[in-house]
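**Student:** Heads up: the sequence lines are chains A and L, in that order.
The numbering of the first sequence is numbering that gives the first Met the number 0, which starts it at 0 and goes up by one.
The numbering of the second sequence is numbering that gives the first Met the number 0, which starts it at 0 and goes up by one.
Quick caveat, the hints were computed from the structure, so don't treat them as lab data.
Positions of the beta carbon are idealized from the N, C-alpha and C atoms, including for glycine.
There may be inaccurate statements among the hints.
[Stated by the list, open to error] Partial selection, computed: residues in chain L whose CB lies under 8 Å from chain A:
#1 Met-203
#2 Asp-206
#3 Arg-209
#4 Thr-210
#5 Tyr-211
#6 Tyr-212
#7 Ala-213
#8 Lys-221
#9 Val-296
#10 Gly-305
[To be verified] Cross-link-like lysine to any residue pairs, in silico, SDA-like; alpha carbons within 20 Å at most:
#11 Lys-216(A) with Asp-197(A)
#12 Lys-195(L) with Arg-139(A)
#13 Lys-160(A) with Gly-303(L)
#14 Lys-161(A) with Val-124(L)
#15 Lys-161(A) with Ala-226(L)
#16 Lys-221(L) with Lys-216(A)
#17 Lys-160(A) with Met-304(L)
#18 Lys-221(L) with Thr-105(A)
#19 Lys-195(L) with Trp-121(A)
#20 Lys-91(L) with Ala-283(L)
#21 Lys-221(L) with Ile-135(A)
#22 Lys-137(L) with Lys-236(L)
#23 Lys-147(A) with Gly-157(A)
#24 Lys-221(L) with His-143(A)
#25 Lys-161(A) with Val-165(L)
#26 Lys-160(A) with Pro-225(L)
#27 Lys-270(A) with Pro-241(A)
#28 Lys-161(A) with Gly-305(L)
#29 Lys-221(L) with Thr-123(A)
#30 Lys-91(L) with Arg-102(L)
#31 Lys-221(L) with Trp-164(A)
#32 Lys-54(A) with Pro-241(A)
#33 Lys-221(L) with Leu-137(A)
#34 Lys-161(A) with Arg-302(L)
#35 Lys-91(L) with Ser-73(L)
#36 Lys-195(L) with Leu-128(L)
#37 Lys-210(A) with Glu-191(A)
#38 Lys-91(L) with Arg-76(L)
#39 Lys-161(A) with Ser-73(L)
#40 Lys-221(L) with Lys-210(A)
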Amino acid sequence: MSIASNGIEHEFSSGTAGGAEQAKPTSGTAYPVIRTRNLSLTFDTDDGPVYALSKVDLSIHKGEFVSLIGPSGCGKTTLLRVIADLEQATGGDIEVNGVPPQVARTRRDYGYVFQAPALYPWRTVIGNVMLPLEIIGLPRHERHERAKAQLALVNLTGFEKKFPWQLSGGMQQRASIARALSFDPELLLMDEPFGALDEIVRDKLNGQLLKLWAETKKTVVFVTHSIPEAVFLSTRIVVMSPRPGRIIDVVDCDLPADRTLDIRESPEFLKIAHRVREGLRAGHSYDD
Amino acid sequence: MTTEAATGAGAIGRFGRRVARVTGGRVIPISTVILVLIVVWYLAAIIVNAGVVMTLAGDNVKFGFTDFIAATWSQDRPLLPVPHQILIEMRKTILDVAVTSKRSLIYHAEVTLSTTLLGFLIGSVTGILLAVAIVHVKALQKALMPWIIASQTVPILAVAPIVVVVLGNIGITGTLPKALISAYLCFFPVTIGMVKGLTSPDLMLIDLMRTYYASPAQTFWKLRWPASVPFLFASLKVAIAISLVGAIVAELPTGAQAGLGARLLAGSYYGQTVQIWAALFTAAALAAIAVAAVGLVEHLTVRGMGGRR
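This is chain L alone, in the form it adopts within the complex:
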C-alpha cells in the first residue's frame, strides 16, 4: 500500500515536473508579450482607421469618444482590422462553414498544406541527396555550391508564375507545380545543413572506421548519417516553414483558385482586409503546427539515439 501510494505520488510529482518543464517559467513572459502586442494593435487600429471613419461620417456627425473608438474597431473593411474582428472572421470561415465549401479556411488550408508537404518531401530528399553527393565527391563541392547559392538569389515571386504556367502548358497541373516551387525554396537549408552534418564527425572517428577497414557505405550509414541527425532536424524545421511560404507564393499566379495564397489574393482584390488577416493567421498557425510536428519527430528520434543533446 505505502509503496503504491508512494509511486502514485511520485508519478504525480513527475507529471507536475514535466508540465513545469514544458511551460516552466515561460507562461508569464510569453503572455506578457502577447498582451502588450494586443494593446499596441488596438491602439494602432484607432490611429490607422481614424481617417477613414471620419471621412465616411462626414462633417456634421459628432462622435462621442467611446463611439469613435468603437467605430475604428468595427468597420467592414478597415485598413487594419483588430484581433477580435479577425477571430470572428476565422470562426465564421472555419467553424460555421462546411469544410468542403470554397469559403472554408479549412478547405484552403488543406490545399496549401498538401502542397507544402509534397514540396517539403521533394525538397528535403533533393537537399539530402545533394549534400551526400557534395560530401563524397570533392569536385562537386566546387561545381555545385555556387549554383546552389545562386538559386536562392532568384526572386521566387518572379519564377513561380513561369514554372506554374510552363508546367501547366505541358499538362502538369494541380499540386505538383506548386510543390516544385516549395521544393525549390526548401532544399537549400537542407543541403547546407546536411553538408555540415555529414562532415561533422571528428577525424578520430573517421580514422576509427579506417582501422576497421569499413567500406564507404558503412562509414556513411554507421557514422556520417547518425552524426548528421541533429543538423538534419535543424534544417528540416527551417525547410518546412519555407515550404509553406513557397506553397502560398505558388498559389498566387494560378488565378487564385484555392489555397491560403488564393484567399490572400482574393481578399486583396476585393479589399477584404479581414479575410486577408484571417488567412494570414491560419497560415501562421499552420506553420507553427508543421514546425512543432518536425520538432516532435526530432524529440522522439533524439531520445532513441541516447538522449542528451
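Bound conformation, chain A alone:
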C-alpha cells in the first residue's frame, strides 16, 4: 500500500456532504475547521465556580492532527466536548466548520470516539458501525456496504457478526473508531481512546491510527495524557494546565509523516517530548 509514503496532504478531499460544503470558504489549506476565541466555561457547583476553561484561543486547520495534553482537570476533555456540543461554553466564541457547534452537530460534521468503546452489547460489530447510518437514514444496502468498508479500514474484516464481548479491548476500540468514521465526517474527535488499553496494544493502535489518518485525511483532535503518544501522532500539540483550564503552550510537531514506532528514540522526537514535558511542568504548580 502506498499510504505511508503518501503522507499528509493538506488538501480538500472531495466527496464530502454537499450541505456542509457551502458554508466553507474555499481559500485553501488555511481554513480553520475549529476556531475558538476567548472561550470560557465555568461550572457552577455547590463548592463555588469551577473554571474548566479560561480564555482558550485555538485554531485547528483542515488535515491537522492536534493533540490536547495535560493533567486531569485541565479542561482538555471539556474543550473536546464543547467542540462536539456536548457541553456549552459560558463565554467567548467557537466555530466548527464555520458555524456554531450546535449547528455542526445537527449537520453531523464530526465523529466522536469516547474513552470506552461504548459499543451496544446487543448489536453485532457491524450493527454497531451501522448505528449512525441508521440514524442518518441511509438505505439498508448502503449502510451495510459502508460499514463493511469502515471495518476493513480498521482491520476488522471477518469480525462483522461477532458481538462486542467476543472482541478484545483493542478490537472494540477499533470498532468504535470505525463507527465514528462510518458516516464520513471530516472531523474526528477522540477522547483518550486508548487510555484503557495496555501499552503494547496502544502502540499498535497508534501506528494504525496514523495510517488511517494518512489514508482518510481527516482532521483529528485527540485528547491524551501520554507525552509519547501525543508526539508520535500529532502535527501540533496543545499543552494545557488546570485551575483554570487553559492553554500554556502549542508545540509544532514536524516529524516526518511516515513515522514508525522507532522514531521515538530519535533526537527530534525527544526534543519535542522534552518541550511538552517542560510545558506541563511549568503549568502544573504542585501546590495541592
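With chain A's structure known, arrange chain L on it following the hints.
**Tutor:** Leaving out everything else, chain L in the frame of chain A:
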C-alpha cells in the same frame, strides 16, 4: 465416516452437557428438599388431625398405632389433607372429569388463566407506558410516582368487590372486571422495573446518540428500549405471578361462579379441605408454568440480542 461418527458423538456429548446444564447439580438438592417437606407434611398431618380422629371415634374404640396413623391420613374432610389425598382429588377432577364440567379443575384453571393473561397484558402495557412517560417527562416522575406507590398500599381484597360490583352494574361483566384487578396489581413491578431499565444506559451511550443528532424517538428505540429488556423480563416474571393472584382474588366476590378462586371459596364454604388444596396446587402449577413461559421468551430474546447476560 469417521467425521460423521465424530459429529454424532459430539452431538450426543453436547446434548448430554445441555441436559447436565439444565438439571446439573440441582436434581439431588431439590429432590432432597421435596422429600423433607413431604415427610414433615405427613408428620404434621398426624398431629393436626389426631384430635378430630379421636373425637369422631369416641372413647370406647381402641386404635392400633398403624390404624390410628392411617385414620389421620384418610379422613374425608381433614384439617390438613396429606399429599396423596390431594393428588387423588386432582386426578379425579383433572383427568376423570370432562373439561367442560364445572367439577373439572381444568375448566376452572382455564377461566383463571384467561383472566390472568388479559390482566397481565393490560397491566404490562400500562406499566410500560407509565414508565416511558415518567422517563421522558421529568415533572411526571414527581407527580405520578407517589400515586403509583400509594396504589399498591390499598388492600386489593377490599377493592376487588367494589370494582367487580360497580362494573357489573354498568353492564361490564365476565373476564374484563377480573382482569382489571389483575392489571391493577401487576402494572406496578413493570413500571418500577422499566423506569430503572429505560434510564439504565450509561451517560456515554446517551452522549453518543447526541453526537449523531438522534431524535428522541431514535434514542428511545435504538438505545433505551433494548437496554431495558433485561429489566423488562425480570419485571414481567413478577407481574405474571401477581396477575394470577389478582385473578384468584377477583373471582372471590363474583359469587364463586367459576375459576380457581371460586373453587377455593366453594371448598371453604363446605369444609372441603381436599378440594381447597387441590385448587391451591393447581394454581401453583399454573403460576410456575406462566413464569416459565415468560422465562422461555426471555431466553430466546436474550439469545437474539447477543447472548451473554
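**Student:** Give a verdict on every hint.
**Tutor:** Status of the hints after comparison with the structure:
1. The interface hint given for Met-203(L) holds, since its Cβ lies 5 Å from the closest Cβ of chain A, which is under the 8 Å cut-off.
2. Because the smallest distance between the Cβ of Asp-206(L) and any Cβ of chain A comes to about 5 Å, under 8 Å, the interface hint for this residue holds.
3. With a least beta-carbon distance of about 6 Å to chain A, the hint placing Arg-209(L) at the interface is held under the 8 Å criterion.
4. The beta carbon of Thr-210(L) comes within 4 Å of a beta carbon in chain A, closer than 8 Å, and the hint placing it at the interface holds.
5. Look at Tyr-211(L): its Cβ gets to within about 5 Å of chain A, closer than 8 Å, so that hint holds up.
6. About 5 Å separates the beta-carbon of Tyr-212(L) from the nearest beta-carbon of chain A, less than 8 Å, and the hint is met.
7. Given hint, Ala-213(L) at the interface with chain A, holds; its Cβ is 5 Å from that chain's nearest Cβ, closer than 8 Å.
8. A hinted interface residue such as Lys-221(L) counts as satisfied when its beta carbon comes closer than 8 Å to some beta carbon of chain A; here the least separation is about 7 Å, so the hint holds.
9. Because the beta carbon of Val-296(L) sits about 16 Å from the nearest beta carbon in chain A, more than 8 Å, this interface hint is broken.
10. Against a cut-off of 8 Å between C-beta atoms, the interface hint on Gly-305(L) holds, since the closest Cβ of chain A lies about 4 Å away.
11. Between Lys-216(A) and Asp-197(A), the direct Cα distance comes to roughly 27 Å. Violation of the 20 Å bound is thereby established for this hinted pair.
12. Between Lys-195(L) and Arg-139(A) the CA atoms are separated by roughly 32 Å; this puts the pair beyond 20 Å, and the hint is violated.
13. Taking the CA atoms of Lys-160(A) and Gly-303(L), the gap is near 12 Å; set against the 20 Å cutoff, the hint holds.
14. For the proposed pair Lys-161(A) and Val-124(L), the alpha carbon gap of about 33 Å is over 20 Å, so the pair is violated.
15. The suggested pairing of Lys-161(A) with Ala-226(L) holds, with an alpha-carbon distance near 19 Å, which does not exceed 20 Å.
16. Restraint check for Lys-221(L) and Lys-216(A): not satisfied, since their Cα atoms lie roughly 31 Å apart, outside the 20 Å limit.
17. Taking the CA atoms of Lys-160(A) and Met-304(L), the gap is near 12 Å; set against the 20 Å cutoff, the hint holds.
18. Restraint check: the Cα-Cα separation between Lys-221(L) and Thr-105(A) comes to about 18 Å, which is no more than 20 Å; the hinted pair holds.
19. Proposed proximity of Lys-195(L) and Trp-121(A) is supported: the alpha carbons are some 18 Å apart, at most 20 Å.
20. For the given pair, Lys-91(L) sits about 18 Å from Ala-283(L) by alpha-carbon distance, which is consistent with the 20 Å threshold.
21. Taking the CA atoms of Lys-221(L) and Ile-135(A), the gap is about 13 Å. The hint holds against a cut of 20 Å.
22. Between Lys-137(L) and Lys-236(L), the direct Cα distance comes to roughly 28 Å. Violation of the 20 Å bound is thereby established for this hinted pair.
23. About 10 Å separates the Cα atoms of Lys-147(A) and Gly-157(A), which keeps this hinted pair within 20 Å; it holds.
24. Straight-line distance between C-alpha atoms of Lys-221(L) and His-143(A) comes to about 17 Å, which keeps the hinted pair within the 20 Å bound.
25. Between Lys-161(A) and Val-165(L) the alpha-carbon distance is near 56 Å, which puts this suggested pair outside the 20 Å criterion.
26. Our distance criterion of 20 Å between C-alpha atoms is met by Lys-160(A) and Pro-225(L), whose separation comes to about 18 Å.
27. Our distance criterion of 20 Å between C-alpha atoms is broken by Lys-270(A) and Pro-241(A), whose separation comes to about 24 Å.
28. With a C-alpha separation of about 9 Å, the suggested pair Lys-161(A) and Gly-305(L) falls inside the 20 Å cut-off, and the hint holds.
29. In summary, the hint linking Lys-221(L) to Thr-123(A) is supported, as the alpha carbons are separated by about 13 Å, within the 20 Å threshold.
30. For the given pair, Lys-91(L) sits about 9 Å from Arg-102(L) by alpha-carbon distance, which is consistent with the 20 Å threshold.
31. Taking the CA atoms of Lys-221(L) and Trp-164(A), the gap is about 19 Å. The hint holds against a cut of 20 Å.
32. Between Lys-54(A) and Pro-241(A), the direct Cα distance comes to roughly 13 Å. Compliance with the 20 Å bound is thereby established for this hinted pair.
33. Of the supplied pair hints, the one linking Lys-221(L) and Leu-137(A) holds, its CA atoms being roughly 15 Å apart against a limit of 20 Å.
34. Between Lys-161(A) and Arg-302(L), the direct Cα distance comes to roughly 13 Å. Compliance with the 20 Å bound is thereby established for this hinted pair.
35. Between Lys-91(L) and Ser-73(L) the CA atoms are separated by roughly 16 Å; this keeps the pair inside 20 Å, and the hint holds.
36. Proximity of Lys-195(L) to Leu-128(L) is assessed by CA-CA distance (about 14 Å); at most 20 Å being required, the pair is judged to hold.
37. Taking the CA atoms of Lys-210(A) and Glu-191(A), the gap is about 18 Å. The hint holds against a cut of 20 Å.
38. Of the pairs offered as hints, the one joining Lys-91(L) and Arg-76(L) holds, with about 16 Å between alpha carbons and a cut-off of 20 Å not exceeded.
39. Proximity of Lys-161(A) to Ser-73(L) is assessed by CA-CA distance (about 62 Å); at most 20 Å being required, the pair is judged violated.
40. Restraint check for Lys-221(L) and Lys-210(A): the C-alpha separation of about 32 Å exceeds 20 Å, so the hint is violated.
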